[in-house]
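Go by the hints and put chain B onto chain A.
Below, each chain spelled out in residue letters.
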Amino acid sequence: MINATKKWIFLKISGALLVPLMIWFILNFINIYNQDYSIVENFFSNSSSKFLFSIFIINAYFFSALSISEVFEDYIKNYKIKNVANRILYASAVVIPLITIILMTRL
Amino acid sequence: MENKAPLSPHIQIYKWHISSLVSITHRITGIINIIGITLICLLVSLLILGENNYEMINLFLSSMIGKFIILSLTWSFSFQILSEIRHLIMDLGYGFDLKVTKITGLIVIIGSIVLTVVFYLIGKNFF
Chain A
1 MINATKKWIF LKISGALLVP LMIWFILNFI NIYNQDYSIV ENFFSNSSSK FLFSIFIINA
61 YFFSALSISE VFEDYIKNYK IKNVANRILY ASAVVIPLIT IILMTRL
Chain B
1001 MENKAPLSPH IQIYKWHISS LVSITHRITG IINIIGITLI CLLVSLLILG ENNYEMINLF
1061 LSSMIGKFII LSLTWSFSFQ ILSEIRHLIM DLGYGFDLKV TKITGLIVII GSIVLTVVFY
1121 LIGKNFF
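Protein chains in written order, with this note's numbering: chain A, 1 to 107; chain B, 1001 to 1127.
Only chain A is shown next, with the shape it has when bound in the complex:
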């Protein structure tokens, strides 16, 4: 299987997984976004919310990294710029969810 096919399959699996996770998250976020600290903190320290939110952000960043790299492929002509942009994209897709999850576990 060539890399482009693998990338397409990963994009589709993560895209399909993202739909229910987005629905779950947006419904809960609308409910808590302007609530007191204790309610927001309670939501993000709840073990099932922690687990689902972690899966949600890992999947969202993974999906975004794959799809934004496609946008770079379409619109950035210079190979060096594209390479740097992709490296920053993939690094942030790992670092941001990782830091968030570590900090969330301390709540």
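Just so you know, these hints were derived from the structure itself, not from any lab. Careful, some of the hints might be misleading.
Claimed, not checked - Beta-carbon label-pair distances, calculated as ranges:
id: 1; chain 1: B; residue 1: I1103; chain 2: A; residue 2: S54; range: 34 to 42 Å
id: 2; chain 1: A; residue 1: I88; chain 2: B; residue 2: L1098; range: 33 to 41 Å
id: 3; chain 1: A; residue 1: I39; chain 2: B; residue 2: L1071; range: 38 to 46 Å
id: 4; chain 1: A; residue 1: Y90; chain 2: B; residue 2: N1125; range: 34 to 42 Å
id: 5; chain 1: B; residue 1: V1117; chain 2: A; residue 2: I55; range: 22 to 30 Å
id: 6; chain 1: B; residue 1: L1098; chain 2: A; residue 2: N78; range: 30 to 38 Å
id: 7; chain 1: A; residue 1: N42; chain 2: B; residue 2: L1098; range: 48 to 56 Å
id: 8; chain 1: B; residue 1: L1098; chain 2: A; residue 2: E73; range: 25 to 33 Å
id: 9; chain 1: B; residue 1: S1020; chain 2: A; residue 2: N42; range: 43 to 51 Å
Keep in mind the model is a prediction, meaning the values are calculated, not measured. Ideal placement from N, C-alpha and C gives every residue a C-beta, glycine not left out.
Showing chain B alone in chain A's frame:
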């Protein structure tokens, strides 16, 4: 190594269609969503600093601008959800007929607005 592959043609030379509008909006909402998710990750990370530091975030999110941002993010999520479902159905080989493409495109555009209202009302426990 210089990439010799052709880039996407300039979009302004084409007449606008529902499919192209949905496709471009899908990309734009994808970028908006990841910016939104990054800000939410920041919000979650700031929770660790305690209640006093959260007051400012709460004040901002409760303001008109804050509510507008949340509502816009809800629309962006709604659009992405419907557009992703449309993409997945097309990947299964359905909905390529020109007429069907227009109808499903319209469903995504109008449906995203309806879904935003539904999500907001459910989220705020109106039902």
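Now for the hints, and whether the structure bears them out:
| no. | hint | result |
| --- | --- | --- |
| 1 | I1103(B) - S54(A): 34 to 42 Å | 37 Å, holds |
| 2 | I88(A) - L1098(B): 33 to 41 Å | 39 Å, holds |
| 3 | I39(A) - L1071(B): 38 to 46 Å | 20 Å, violated |
| 4 | Y90(A) - N1125(B): 34 to 42 Å | 39 Å, holds |
| 5 | V1117(B) - I55(A): 22 to 30 Å | 27 Å, holds |
| 6 | L1098(B) - N78(A): 30 to 38 Å | 37 Å, holds |
| 7 | N42(A) - L1098(B): 48 to 56 Å | 51 Å, holds |
| 8 | L1098(B) - E73(A): 25 to 33 Å | 27 Å, holds |
| 9 | S1020(B) - N42(A): 43 to 51 Å | 45 Å, holds |
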